[in-house]
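Spelled out from the first residue to the last, the chains are:
Protein chains: 2
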Amino acid sequence: MKWMEMPKPELKKLFDGTLAAYEGRKAKGLKLNMSRGVPGREQLALSNDMLTILGEGDYLSPGGTDCRNYGGLEGIPEMKAIFADILDIRPDEVIVGGNSSLAMMFDNVAVNMSHGVRDGEPWMRQGRVKFLCPAPGYDRHFTICEYFHIEMIPVQMTGDGPDMDMVEALVSSDPMVKGMWCVPVFSNPEGCVYSDGTVLRMAALKPAADDFRLYWDNAYTIHNFSGPRPAIPNILRECEKAGNPNMPLIFASFSKVSMAGAGVAAMASSLSNCEYIRKRFFVQTIGPDKLNQLRHVRFFKNFEGVMAHMAKMADIVRPKFELVQNILQKELGGLGLAEWNVPAGGYFVSFNAPRGCAKRIVSLCKEAGVILTGAGATFPYGRDPWDRNIRIAPTYPSLDELREAMEIFCLSVRLAALETLM
Amino acid sequence: MKWMEMPKPELKKLFDGTLAAYEGRKAKGLKLNMSRGVPGREQLALSNDMLTILGEGDYLSPGGTDCRNYGGLEGIPEMKAIFADILDIRPDEVIVGGNSSLAMMFDNVAVNMSHGVRDGEPWMRQGRVKFLCPAPGYDRHFTICEYFHIEMIPVQMTGDGPDMDMVEALVSSDPMVKGMWCVPVFSNPEGCVYSDGTVLRMAALKPAADDFRLYWDNAYTIHNFSGPRPAIPNILRECEKAGNPNMPLIFASFSKVSMAGAGVAAMASSLSNCEYIRKRFFVQTIGPDKLNQLRHVRFFKNFEGVMAHMAKMADIVRPKFELVQNILQKELGGLGLAEWNVPAGGYFVSFNAPRGCAKRIVSLCKEAGVILTGAGATFPYGRDPWDRNIRIAPTYPSLDELREAMEIFCLSVRLAALETLM
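So the protein lines, in turn, are chains C and E.
Reading the first sequence from the start, the letters are residues 0 to 421 in numbering that gives the first Met the number 0.
Reading the second sequence from the start, the letters are residues 0 to 421 in numbering that gives the first Met the number 0.
Hints are supplied without guarantee of correctness; some may be wrong.
Pairs count within a copy or across copies, as identical chains cannot be separated in the list.
[Unchecked claim] Within a straight-line C-alpha distance of at most 35 Å, the following computed DSBU-like cross-link-like pairs (lysine-lysine) qualify:
{"id": "1", "residue 1": "30", "residue 2": "278"}
{"id": "2", "residue 1": "25", "residue 2": "278"}
{"id": "3", "residue 1": "365", "residue 2": "278"}
{"id": "4", "residue 1": "30", "residue 2": "300"}
{"id": "5", "residue 1": "129", "residue 2": "329"}
{"id": "6", "residue 1": "129", "residue 2": "278"}
{"id": "7", "residue 1": "129", "residue 2": "300"}
{"id": "8", "residue 1": "329", "residue 2": "278"}
{"id": "9", "residue 1": "25", "residue 2": "7"}
{"id": "10", "residue 1": "12", "residue 2": "240"}
{"id": "11", "residue 1": "278", "residue 2": "358"}
{"id": "12", "residue 1": "1", "residue 2": "205"}
{"id": "13", "residue 1": "30", "residue 2": "240"}
{"id": "14", "residue 1": "129", "residue 2": "11"}
{"id": "15", "residue 1": "278", "residue 2": "11"}
{"id": "16", "residue 1": "205", "residue 2": "30"}
Just so you know, these hints were derived from the structure itself, not from any lab.
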């Protein structure tokens with residue numbers, strides 16, 4: 000029976016029972032932080048051999064580079080080749096960076112503020128820059144915009160990706176729209192894979208601003224855990240065909256493939272964009288840590304090695320996502336209270352609570368020892384217009400911890416819903 | 000006999016002999032790049048054990064941090080402690096970064112352009128920012144200024160550091176002077192150690208701009224190779240005493256201690272500056288590579304370990320600097336042509352050729368297969384007003400290569416001088 004249709008006295012009885020169950024759980028004093036998409040121990044352990052993969056005197060890349068010394072601003076060729084295969088582009092379209100693709104995104108925005116895009120007018124001198132932000136979306140993208148006082152325009156997500164009618168209308172009409180965040184495969188948090196139509200329309204945008212860029216954060220392209228790796232059109236090639244060769248800036252990272260804090264990040268773009276970036280890198284840095292790239296090259300060997308590794312990763316991650324689905328279904332299914340997605344990859348389950356309940360649920364969970372991502376974090380400025388979206392990040396806890404946490408979560412959802420209904 | 004006093008026919012004879020010797024060397028077809036301060040093979044080999052220092056399952060820091068995972072924006076405490084001891088400050092005044100202190104300097108300037116210093120007026124909105132640039136100085140500092148269109152004001156170096164009369168006059172009178180580059184110990188390229196008086200006057204500056212900062216690049220503080228480590232006053236403490244607690248931004252790095260491209264960099268400043276930087280780091284990055292910090296902590300253990308390592312480093316570097324001095328003295332001593340410094344540490348010998356000859360010498364060396372740092376690179380905008388300063392970087396070549404290169408260098412100096420005299 001849907002709770003909306005339930006008579007008050009029954010709701011009251013339900014509330015009392017739920018509250019008692021919740022208080023019981025709370026008394027157990029669980030402490031669990033599920034606020035970020037952090038790999039769990041077993042996932043990290045998959046790459047433990049990387050700790051010892053370099054032998055004595057083992058510092059030359061296959062191509063003969065001394066990875067200990069300075070130089071190699073774009074990374075060693077073998078690491079570029081692996082990224083190129085993952086992104087289905089050419090190695091010379093890749094620039095390998097440090098351990099953080101977030102830092103590479105921040106850096107690109109920072110430099111556009113002071114220098115403009117490819118020596119265009121600096122954004123700082125153009126007035127208030129705007130970015131389109133598919134929402135719900137990745138909070139760290141939004142934080143970068145906030146930091147640089149970039150106005151964020153939320154774009155509704157659909158099952159096919161961002162609402163392209165809205166995107167086309169905004170991008171083609173407003174020259175202050177300079178960028179758009181995209182997580183095209185297994186979007187954060189919804190696990191959405193952009194449809195072919197969405198990608199093709201994205202590539203064919205006719206921006207009013209000639210310095211408009213797609214920030215194509217392909218963080219989860221190899222993170223399928225249920226079913227095959229999604230194939231979406233190649234954004235670099237499609238943008239070329241559509242006459243927008245320099246529009247996409249692609250980002251990728253090994254943070255959720257090898258070691259979260261000691262992975263390797265990269266960006267990819269047109270040869271001509273890469274040339275611009277290289278020039279800046281010469282001023283900016285002594286170059287990335289090539290020894291860590293060598294560790295990755297030795298450990299993964301090649302694209303096939305990466306994919307074999309990700310198959311093992313999927314086996315670890317899958318049961319956690321299944322557990323989340325099972326508990327949500329068991330505890331909340333059929334009550335007409337909430338909706339959630341069933342992702343085939345990525346790192347999150349996007350949960351839509353009854354309107355006006357997300358903050359309350361997150362707070363109830365916190366009181367009972369489970370820290371979730373803050374309600375609203377998945378929206379620009381932390382403002383979820385309906386206060387309903389919650390990002391569930393199942394990877395970090397063990398299965399036992401996750402079960403307990405999800406039961407507390409479901410109790411909190413029921414409690415918050417009942418408070419509203421009564 | 001000084002060449003200036005030599006009669007023309009003798010000069011002609013000397014020229015013919017020198018040219019023949021130079022052509023003979025050129026015919027040997029040497030290929031040697033001495034353009035940058037790059038550690039040589041033996042230096043890097045000192046840290047080779049770092050490649051294999053982490054054992055199986057060896058990823059927990061002494062304090063229990065899982066160095067594989069996300070988090071730890073300021074670095075692991077044990078790495079902070081080592082930097083604190085090197086810089087003689089407290090660990091909480093240190094923020095550990097990635098592998099490049101240059102990147103940390105660039106980053107600080109970049110953020111000041113868009114955000115100002117500590118939420119002050121962004122430099123981009125204040126008009127043309129100026130930096131004081133002791134000259135000769137480090138070309139990469141100058142390149143950062145050029146990139147951000149920061150006007151560079153050269154300040155003459157003296158034996159005690161930058162000309163402080165000029166520094167005080169400029170800093171106290173011009174609110175657009177926002178920064179000054181300092182390499183206080185074994186300055187690049189002159190190997191100058193700032194005197195106590197210079198450091199104290201620096202700390203007591205009364206800047207017209209409240210967002211003025213000292214960029215205190217302490218790159219060579221433990222790089223003494225002849226004699227004890229220089230003790231200069233502690234800039235952080237002296238600035239506190241003088242009422243300028245937030246003025247210094249200190250940078251340091253292991254690039255020339257462990258692996259050049261796979262070292263660990265850090266910056267240090269007042270607690271209150273560190274707090275600001277931490278807030279930005281949260282937006283900017285997933286955090287530094289803590290596994291590489293762990294490698295450093297395991298390898299060096301502590302400050303004493305670092306110093307013992309640097310003593311071995313000195314033994315490798317010293318003979319190269321001695322060789323340079325011997326050849327310069329033998330080939331050019333007493334001729335009244337050139338001057339050069341005799342550094343007790345650092346990475347360079349600063350050579351002053353006859354005026355108007357530096358470009359010609361670098362070009363003659365290049366023709367004979369020896370690439371030097373470009374003439375002028377040690378001055379802002381690459382403009383050496385006397386075209387005489389050349390930076391010699393002796394560390395990278397082997398002793399045999401270095402001998403050959405220095406002989407070619409001296410022949411080139413003689414040739415260029417004779418061309419001018421005749």
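Here is what the structure says about each hint:
For the homomeric pair residue 30 and residue 278, the shortest alpha-carbon distance between copies (25 Å) is at most 35 Å, but the shortest distance inside one copy (48 Å) is not. Taking the closest pair of Cα atoms, residue 25 and residue 278 come within 35 Å of each other only across two copies (32 Å); inside a single copy the shortest separation is 56 Å, beyond that limit. Taking identical chains as interchangeable, the C-alpha atoms of residue 365 and residue 278 lie at most 35 Å apart only when they sit on different chains, with a minimum of 24 Å there against 47 Å within one chain. In this homomeric assembly, residue 30 and residue 300 come within 35 Å of each other (Cα to Cα) only across copies, at 34 Å, whereas the closest approach inside a single copy is 39 Å.
With identical chains, the CA atoms of residue 129 and residue 329 are never at most 35 Å apart, being 42 Å at best within one copy and 65 Å at best between copies. For a Cα distance limit of 35 Å, the shortest separation of residue 129 from residue 278 qualifies both inside one copy, at 26 Å, and across copies, at 23 Å. Taking the shortest alpha-carbon separations for residue 129 and residue 300, neither the intra-copy value of 41 Å nor the inter-copy value of 49 Å comes in at or below 35 Å. For the identical chains of this complex, residue 329 and residue 278 are neighbours neither inside a copy (56 Å) nor across copies (41 Å), given an alpha-carbon limit of 35 Å.
Taking the closest pair of Cα atoms, residue 25 and residue 7 come within 35 Å of each other only inside a single copy of the chain (26 Å); across copies the shortest separation is 98 Å, beyond that limit. Taking the shortest alpha-carbon separations for residue 12 and residue 240, neither the intra-copy value of 63 Å nor the inter-copy value of 68 Å comes in at or below 35 Å. In the homo-oligomer, the alpha carbons of residue 278 and residue 358 lie at most 35 Å apart only across protomers (24 Å), although the nearest pairing inside one protomer, at 46 Å, exceeds that limit. In this assembly of identical chains, residue 1 and residue 205 lie within 35 Å of each other by CA distance neither inside one copy nor across copies; the values are 47 Å within and 72 Å between.
With identical chains, the CA atoms of residue 30 and residue 240 are never at most 35 Å apart, being 52 Å at best within one copy and 45 Å at best between copies. Taking identical chains as interchangeable, the C-alpha atoms of residue 129 and residue 11 are never at most 35 Å apart, the minima being 48 Å within one chain and 70 Å between chains. For the homomeric pair residue 278 and residue 11, neither the shortest alpha-carbon distance inside one copy (67 Å) nor that between copies (46 Å) is at most 35 Å. In this assembly of identical chains, residue 205 and residue 30 lie within 35 Å of each other by CA distance neither inside one copy nor across copies; the values are 50 Å within and 51 Å between.
The structure fails to meet hints 5, 7, 8, 10, 12, 13, 14, 15, 16 from the earlier list, while all remaining hints are met.
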